[in-house]
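One-letter residues, chain by chain:
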Amino acid sequence: MKVHLRLLRFNPETDGEPHFEEYTVEADPMDRLLDCLHQVKWRHDSSLALRRSCAHGICGSDTMLINGVNALACKVLVKDMKQPVTVEPMRGLPVIKDFIVDMEPFFAGYRAVKPWLIPDPDAHEPARERIQTPDERERFDDTTKCILCAACTTSCPIFWSDTEYVGPAAIVNAHRFIFDSRDYGSRERLQILSGKGGVFKCRTAFNCTAACPRGIKVTKAIQEVKRAALYDTF
Amino acid sequence: MVQVHHYDAVIVGAGGAGLRAALEAGKRCKTAVVSKLYPTRSHTGAAQGGMCAALANVEEDSWEWHAFDTVKGSDFLADQDAVDIMCKEAVDSVLELERMGLPFNRTPEGRIDQRRFGGHTRNHGEAAVRRSCYAADRTGHMILQTLFQQCNKEGVEFYNEFFVVDLLLVDGSCAGIVAYELASGALHVFRAKSVLFATGGYGKMFKITSNAHTLTGDGPGVVYRRGLPLEDMEFFQFHPTGLYRLGILLSEAARGEGGILRNSDGERFMERYAPTIKDLAPRDMVSRAEFFEIKEGRGTGPDRDYILLDVTGVDPEVVEKKLPDITEFSRTYLGVDPLKEGVPIVPTAHYAMGGIPTNVQAEVLRNHEGDIVPGLYAAGECACVSVHGANRLGTNSLLDLVVFGRRGGVAMAEHALGNDLLDIPDDAHKPSQDWIAWLMDGESLESSAEVRTALQDEMWDKASVVRTEESLAHCLEEIARLRQRLGRSKVKDRSKIFNTELVEHMELGFMVDMAEALVVSARARTESRGGHYREDHQLREDDHWMKHTFIYKRDDGTTELGYKDVVAGRYEPVERKY
Numbered sequence: 001m002k003v004h005l006r007l008l009r010f011n012p013e014t015d016g017e018p019h020f021e022e023y024t025v026e027a028d029p030m031d032r033l034l035d036c037l038h039q040v041k042w043r044h045d046s047s048l049a050l051r052r053s054c055a056h057g058i059c060g061s062d063t064m065l066i067n068g069v070n071a072l073a074c075k076v077l078v079k080d081m082k083q084p085v086t087v088e089p090m091r092g093l094p095v096i097k098d099f100i101v102d103m104e105p106f107f108a109g110y111r112a113v114k115p116w117l118i119p120d121p122d123a124h125e126p127a128r129e130r131i132q133t134p135d136e137r138e139r140f141d142d143t144t145k146c147i148l149c150a151a152c153t154t155s156c157p158i159f160w161s162d163t164e165y166v167g168p169a170a171i172v173n174a175h176r177f178i179f180d181s182r183d184y185g186s187r188e189r190l191q192i193l194s195g196k197g198g199v200f201k202c203r204t205a206f207n208c209t210a211a212c213p214r215g216i217k218v219t220k221a222i223q224e225v226k227r228a229a230l231y232d233t234f
Numbered sequence: 001m002v003q004v005h006h007y008d009a010v011i012v013g014a015g016g017a018g019l020r021a022a023l024e025a026g027k028r029c030k031t032a033v034v035s036k037l038y039p040t041r042s043h044t045g046a047a048q049g050g051m052c053a054a055l056a057n058v059e060e061d062s063w064e065w066h067a068f069d070t071v072k073g074s075d076f077l078a079d080q081d082a083v084d085i086m087c088k089e090a091v092d093s094v095l096e097l098e099r100m101g102l103p104f105n106r107t108p109e110g111r112i113d114q115r116r117f118g119g120h121t122r123n124h125g126e127a128a129v130r131r132s133c134y135a136a137d138r139t140g141h142m143i144l145q146t147l148f149q150q151c152n153k154e155g156v157e158f159y160n161e162f163f164v165v166d167l168l169l170v171d172g173s174c175a176g177i178v179a180y181e182l183a184s185g186a187l188h189v190f191r192a193k194s195v196l197f198a199t200g201g202y203g204k205m206f207k208i209t210s211n212a213h214t215l216t217g218d219g220p221g222v223v224y225r226r227g228l229p230l231e232d233m234e235f236f237q238f239h240p241t242g243l244y245r246l247g248i249l250l251s252e253a254a255r256g257e258g259g260i261l262r263n264s265d266g267e268r269f270m271e272r273y274a275p276t277i278k279d280l281a282p283r284d285m286v287s288r289a290e291f292f293e294i295k296e297g298r299g300t301g302p303d304r305d306y307i308l309l310d311v312t313g314v315d316p317e318v319v320e321k322k323l324p325d326i327t328e329f330s331r332t333y334l335g336v337d338p339l340k341e342g343v344p345i346v347p348t349a350h351y352a353m354g355g356i357p358t359n360v361q362a363e364v365l366r367n368h369e370g371d372i373v374p375g376l377y378a379a380g381e382c383a384c385v386s387v388h389g390a391n392r393l394g395t396n397s398l399l400d401l402v403v404f405g406r407r408g409g410v411a412m413a414e415h416a417l418g419n420d421l422l423d424i425p426d427d428a429h430k431p432s433q434d435w436i437a438w439l440m441d442g443e444s445l446e447s448s449a450e451v452r453t454a455l456q457d458e459m460w461d462k463a464s465v466v467r468t469e470e471s472l473a474h475c476l477e478e479i480a481r482l483r484q485r486l487g488r489s490k491v492k493d494r495s496k497i498f499n500t501e502l503v504e505h506m507e508l509g510f511m512v513d514m515a516e517a518l519v520v521s522a523r524a525r526t527e528s529r530g531g532h533y534r535e536d537h538q539l540r541e542d543d544h545w546m547k548h549t550f551i552y553k554r555d556d557g558t559t560e561l562g563y564k565d566v567v568a569g570r571y572e573p574v575e576r577k578y
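Sequences listed follow chains A and B, in order.
Residue 234, in the working numbering, is where the first sequence stops; the numbers in between run on with no holes.
Residue 578, in the working numbering, is where the second sequence stops; the numbers in between run on with no holes.
Don't take each hint at face value.
Under the rule of at most 27 Å between Cα atoms (straight-line distance), these lysine-lysine pairs were calculated in the DSS-like manner [stated by the list, open to error]:
1. K114/A / K217/A
2. K153/B / K226/A
3. K2/A / K496/B
4. K295/B / K321/B
5. K114/A / K2/A
6. K207/B / K220/A
7. K196/A / K153/B
8. K496/B / K41/A
9. K79/A / K547/B
10. K490/B / K41/A
11. K490/B / K88/B
12. K41/A / K207/B
13. K564/B / K217/A
14. K207/B / K79/A
15. K547/B / K564/B
16. K114/A / K79/A
If the Cβ cut is set under 8 Å, some of the chain A residues that face chain B in the computed set are [to be verified]:
17. S61
18. L65
19. V85
20. T86
21. L93
22. K97
23. M103
24. R111
25. I147
26. Q191
27. G195
28. R203
29. F206
These are calculated hints, taken from the structure and not from any lab test.
Think of the CB as a built atom: it goes at the ideal place given N, C-alpha and C, for glycine as much as any other residue.
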């Protein structure tokens with residue numbers, strides 16, 4: 001079948017402003033949008049710039065605004081897209097070229113919440129693994145799925161307008177440790193998240209939950225972190 | 001414009017092996033990681049099933065049994081000294097990852113849970129054993145995330161979206177690398193006392209593959225073009241359960257949890273091929289069994305060209321809890337619900353057993369006599385130690401990359417601390433600059449995208465699960481033609497900022513080299529062993545072929561082969577039955 005694409009193009013070396021260009025490619029209904037973009041690049045215009053790697057929703061490279069909604073180009077199938085398919089770079093991060101945005105502000109927010117295990121400072125290095133029950137492990141399972149694709153953060157209206165806000169993905173990754181029974185860094189993390197760029201910026205728009213390609217209940221995780229910050233419930 | 005950087009240690013690639021090495025080297029000396037992707041985009045993250053180690057958390061196990069399985073799985077081509085090291089260090093490697101915070105699944109007692117996996121047995125083949133430590137079916141994702149977290153904690157320095165284009169050697173010793181920065185189009189020279197390659201595989205040379213678009217063999221390609229050998233390139237693993245048409249991987253864990261392979265008659269055909277462990281036989285055997293089932297007309301579907309993976313007999317809660325990702329892949333990409341019906345699958349090009357030859361310290365070998373290149377290291381899938389021999393067992397790749405990534409990181413730091421930076425000429429970047437200038441100059445008479453598709457089709461048809469002298473000879477001729485066509489292809493996009501066409505063109509160049517090395521090595525090996533199956537030489541020939549292939553590219557473009565004996569050990573080669 002024919003697929004009509006409207007792609008928001010921007011070449012910083014020649015263009016003053018982004019502009020739409022239209023393409024028509026031949027595709028199977030079960031093909032991914034990424035396959036269509038590759039057809040554009042490989043047959044029509046080789047200068048089309050996008051990031052992609054695994055092509056099956058695991059590496060988190062190809063987040064784009066597809067028909068107005070953030071998604072991975074490799075997880076949206078042709079049969080499920082309304083035509084013409086409008087593709088734009090994700091919002092809230094500086095566009096470098098076509099669908100490539102500067103990811104650094106996103107990763108800066110991520111790093112700000114200390115997303116690594118902070119072990120008990122008084123405990124001896126264990127000889128075997130630390131004991132963690134299946135229930136304790138289950139407590140933070142949902143937020144371990146994050147692939148740092150930025151679909152949630154760049155769909156958040158607060159993040160678009162407030163450069164201080166660390167954004168949903170950073171909070172998801174903080175949640176992953178705050179609710180891990182092996183972690184002892186929650187106090188410092190929650191202090192950071194109670195601050196100006198932290199979790200109370202969230203206005204529960206739920207865009208993040210809708211955008212997550214991994215099905216993480218992002219808004220719920222953010223609410224749990226808010227409660228932990230207020231009531232020490234971790 | 002060229003920028004020059006100075007480091008003690010430079011690691012190329014930011015997947016599991018690269019990040020694991022970076023944690024060790026970073027503690028000891030000034031270290032940088034150079035990667036063409038953001039670290040978390042690396043394909044380690046796609047690994048699903050687990051990482052084997054004889055923790056004996058759920059049943060009796062020992063590292064010797066693990067070593068036996070690895071050697072037998074390798075069809076006796078693995079070097080047994082290296083296998084012993086890997087299986088012995090496996091236990092500490094898993095515990096170390098747990099200490100870093102990796103969220104393994106747990107037993108009711110709170111210990112790391114373990115499950116069955118293909119080719120892993122108790123007491124030298126008696127029955128399947130629970131050895132794979134796992135985190136649902138996203139163990140690789142958890143390893144990659146955990147190592148990335150630790151690198152952030154330790155403040156490891158990253159150069160993201162820098163594409164390696166050359167290796168600098170001075171009098172046979174490593175002096176650094178040259179990389180192309182995607183964001184600016186500038187070349188960077190990284191002078192370093194030691195360099196470790198951890199660039200992953202090159203499965204994208206095949207039409208149907210589980211590999212990412214970016215797995216194009218750049219690391220081995222750069223090394224090979226500098227006259228250094230590649231080892232055992234003919235051994236490529238075809239995984240038995242790739243999604244039909246797409247090649248996306250469905251983990252062996254599906255069979256570990258009780259999934260069954262069926263042909264068009266609904267028959268559990270693996271009972272005929274591997275009566276003891278059936279569907280959990282090693283991957284090379286299962287992929288071949290599928291190939292012959294389809295060839296003999298027992299494939300499923302309108303074209304009788306696929307097999308069904310049946311998990312309908314597995315407890316639905318186990319499927320949803322322990323195999324969530326592969327369930328989602330089937331639903332998303334094929335519209336098939338594994339809880340209700342069989343999932344169409346085919347063999348898919350999955351893993352390169354061969355690569356840059358190293359010893360057990362991850363030091364790169366300069367020849368088949370075993371001499372090293374001072375200051376140069378490799379680890380993970382791009383390297384060949386060899387712990388996987390002719391066929392890798394499931395879960396041993398994640399193990400390989402943490403064990404030898406760690407060893408490489410330690411060794412490269414020790415080398416860096418005891419040596420000075422080597423002097424390089426001012427124009428060390430010149431060959432890279434000339435290459436890029438040539439690609440960006442003049443009219444393009446061929447489409448590199450078409451050359452890539454033709455290469456992938458040819459490699460799949462002629463050099464994949466089953467090979468013959470005829471198919472390989474045909475393939476080699478086609479590769480020569482494709483190389484000529486690529487020589488007439490230029491990069492049409494002349495921009496500097498994120499010129500991804502240029503990168504894809506260079507990647508394809510490396511891939512053509514990898515394909516040629518694979519086919520030349522495969523043609524010379526007139527036996528069948530592990531992942532290398534010759535329909536015209538169906539038996540394993542231990543009298544002649546207990547040796548590793550080394551392939552060299554000479555300056556005039558010709559290839560040359562050499563051989564190195566397999567390191568023997570406790571386990572004598574026997575017929576491989578399961």
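The hints, checked one at a time:
no.: 1; hint: K114/A / K217/A; result: holds, 21 Å
no.: 2; hint: K153/B / K226/A; result: holds, 24 Å
no.: 3; hint: K2/A / K496/B; result: violated, 33 Å
no.: 4; hint: K295/B / K321/B; result: violated, 35 Å
no.: 5; hint: K114/A / K2/A; result: violated, 47 Å
no.: 6; hint: K207/B / K220/A; result: violated, 41 Å
no.: 7; hint: K196/A / K153/B; result: holds, 23 Å
no.: 8; hint: K496/B / K41/A; result: holds, 17 Å
no.: 9; hint: K79/A / K547/B; result: violated, 51 Å
no.: 10; hint: K490/B / K41/A; result: holds, 15 Å
no.: 11; hint: K490/B / K88/B; result: violated, 50 Å
no.: 12; hint: K41/A / K207/B; result: holds, 19 Å
no.: 13; hint: K564/B / K217/A; result: violated, 54 Å
no.: 14; hint: K207/B / K79/A; result: holds, 23 Å
no.: 15; hint: K547/B / K564/B; result: holds, 5 Å
no.: 16; hint: K114/A / K79/A; result: violated, 41 Å
no.: 17; hint: S61; result: holds, 5 Å
no.: 18; hint: L65; result: violated, 18 Å
no.: 19; hint: V85; result: violated, 18 Å
no.: 20; hint: T86; result: violated, 21 Å
no.: 21; hint: L93; result: violated, 13 Å
no.: 22; hint: K97; result: holds, 5 Å
no.: 23; hint: M103; result: holds, 7 Å
no.: 24; hint: R111; result: holds, 6 Å
no.: 25; hint: I147; result: holds, 7 Å
no.: 26; hint: Q191; result: violated, 18 Å
no.: 27; hint: G195; result: violated, 20 Å
no.: 28; hint: R203; result: violated, 28 Å
no.: 29; hint: F206; result: violated, 21 Å
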